[in-house]
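Asks: Sequence:
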Amino acid sequence: MNDFEQESSTDEQGDGNPPASLMTESSPNDTASQEDQIEFSESQIIEDSKPEEIQTGENDEVVLVDDLIYEKDEEPVKVVSPYDRPGKWYVVHTQSGYENKVQGNLAQRTKAMNKEDYIHEVVIPLENVVEFKQGKRVEVQKKMFPGYILVRARMNDEVWSVIRNTPGITGFVGAGNKPTPLPRKEVENFLGVNVDGDGQPVKRAKPRMGYEEGETVRVKEGPFADFSGEIIEINEDQLKLKVLVNIFGRETPVELEFAQVAKL
1 MNDFEQESST
11 DEQGDGNPPA
21 SLMTESSPND
31 TASQEDQIEF
41 SESQIIEDSK
51 PEEIQTGEND
61 EVVLVDDLIY
71 EKDEEPVKVV
81 SPYDRPGKWY
91 VVHTQSGYEN
101 KVQGNLAQRT
111 KAMNKEDYIH
121 EVVIPLENVV
131 EFKQGKRVEV
141 QKKMFPGYIL
151 VRARMNDEVW
161 SVIRNTPGIT
171 GFVGAGNKPT
181 PLPRKEVENF
191 LGVNVDGDGQ
201 PVKRAKPRMG
211 YEEGETVRVK
221 EGPFADFSGE
231 IIEINEDQLK
241 LKVLVNIFGR
251 ETPVELEFAQ
261 VAKL
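Under the working numbering, the first residue of the sequence shown is numbered 1, with each subsequent residue one higher.
Everything labelled a hint here was simulated from the structure, so no lab data went into it.
Do not rely on the hints blindly, as some may be mistaken.
[As the list claims (entries may be wrong)] Simulated crosslink set (EDC-like; lysine to aspartate or glutamate; CA at most 20 Å straight-line):
1. K143 / E257
2. K88 / D117
3. K242 / E188
4. K115 / D157
5. K263 / E221
6. K220 / E255
7. K88 / E186
8. K240 / E212
9. K101 / D84
10. K240 / E116
11. K242 / E221
12. K220 / E257
13. K88 / E116
14. K178 / E257
15. K143 / E127
16. K136 / E116
17. K240 / E215
[As the list claims (entries may be wrong)] The following label-pair restraints were derived from C-beta to C-beta distances:
18. V138 / G249: 47 to 55 Å
19. N128 / Y98: 16 to 24 Å
20. M113 / E139: 35 to 43 Å
21. T216 / R137: 15 to 23 Å
22. N100 / G192: 14 to 22 Å
23. V80 / G249: 52 to 60 Å
24. K185 / A112: 17 to 25 Å
25. E215 / M113: 21 to 29 Å
26. I124 / R154: 19 to 27 Å
27. G249 / E213: 18 to 26 Å
28. P146 / K185: 21 to 29 Å
Ideal placement from N, C-alpha and C gives every residue a C-beta, glycine not left out.
Produce the entire structure from the sequences given, and follow the hints as far as they go.
Replies: This is the structure we're talking about:
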């Protein structure tokens, strides 16, 4: 047996008593000293567990570091936009006053033509308006753009035909017969955005429809179809334009709806 094995065997067999170094008696002074050390350690632990304070001016409020860390680690507010849903949003022109009926017609037609995977949503944009009735202030909901609805769809020729041939729909807003999808800003202006997906949509300022006074446009439909004229007035609330059209050699102001004109 080598020395290492012999030493290990001797330790294992031992007499069952603890090592002498652990059996040494402590004097009263040693015990008091140990108690002081224990008390010091406990107080040090308590002190160390307190959040660190940032020293400020004499009249300033004391700020805890833990509070700053908590504020820093807060998750950013999540904004949910209708623009991010599948498909694109299109403005569809309807017979004024029949928006709800058209909405129902398109929903039924979408189901009958098995286009639920392409036509996702039909919305009538609404806004809250304050009115005074019998001397009282009342908030009511009104159509934001009478004569128009919004359709979220994955557009192709068949989908275009399903929407365009729905009773009550007279056309799309866009250049010629090609519907133009709304950009993010206008979708959020129409429908608003949700914060953290909760609560009512927060709507931004009412959008412009991309026309400016002094701009020349072409009339697409109606008695003045194919005439060109200059925009002299824009009514965004009713989505109407006043266009100066040359009729029989005389410039005549004609009131037209946004859907009746196209940009040149």
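Asks: Take the hints in turn and mark each one as holding or not.
Replies: Status of each hint after checking the structure:
no.	hint	result
1	K143 / E257	16 Å, holds
2	K88 / D117	13 Å, holds
3	K242 / E188	27 Å, violated
4	K115 / D157	12 Å, holds
5	K263 / E221	13 Å, holds
6	K220 / E255	13 Å, holds
7	K88 / E186	12 Å, holds
8	K240 / E212	12 Å, holds
9	K101 / D84	27 Å, violated
10	K240 / E116	32 Å, violated
11	K242 / E221	15 Å, holds
12	K220 / E257	10 Å, holds
13	K88 / E116	14 Å, holds
14	K178 / E257	18 Å, holds
15	K143 / E127	6 Å, holds
16	K136 / E116	44 Å, violated
17	K240 / E215	14 Å, holds
18	V138 / G249: 47 to 55 Å	51 Å, holds
19	N128 / Y98: 16 to 24 Å	23 Å, holds
20	M113 / E139: 35 to 43 Å	39 Å, holds
21	T216 / R137: 15 to 23 Å	43 Å, violated
22	N100 / G192: 14 to 22 Å	20 Å, holds
23	V80 / G249: 52 to 60 Å	56 Å, holds
24	K185 / A112: 17 to 25 Å	34 Å, violated
25	E215 / M113: 21 to 29 Å	38 Å, violated
26	I124 / R154: 19 to 27 Å	21 Å, holds
27	G249 / E213: 18 to 26 Å	24 Å, holds
28	P146 / K185: 21 to 29 Å	22 Å, holds
In the structure shown, a violation is registered for the earlier hints numbered 3, 9, 10, 16, 21, 24 and 25, in ascending order.
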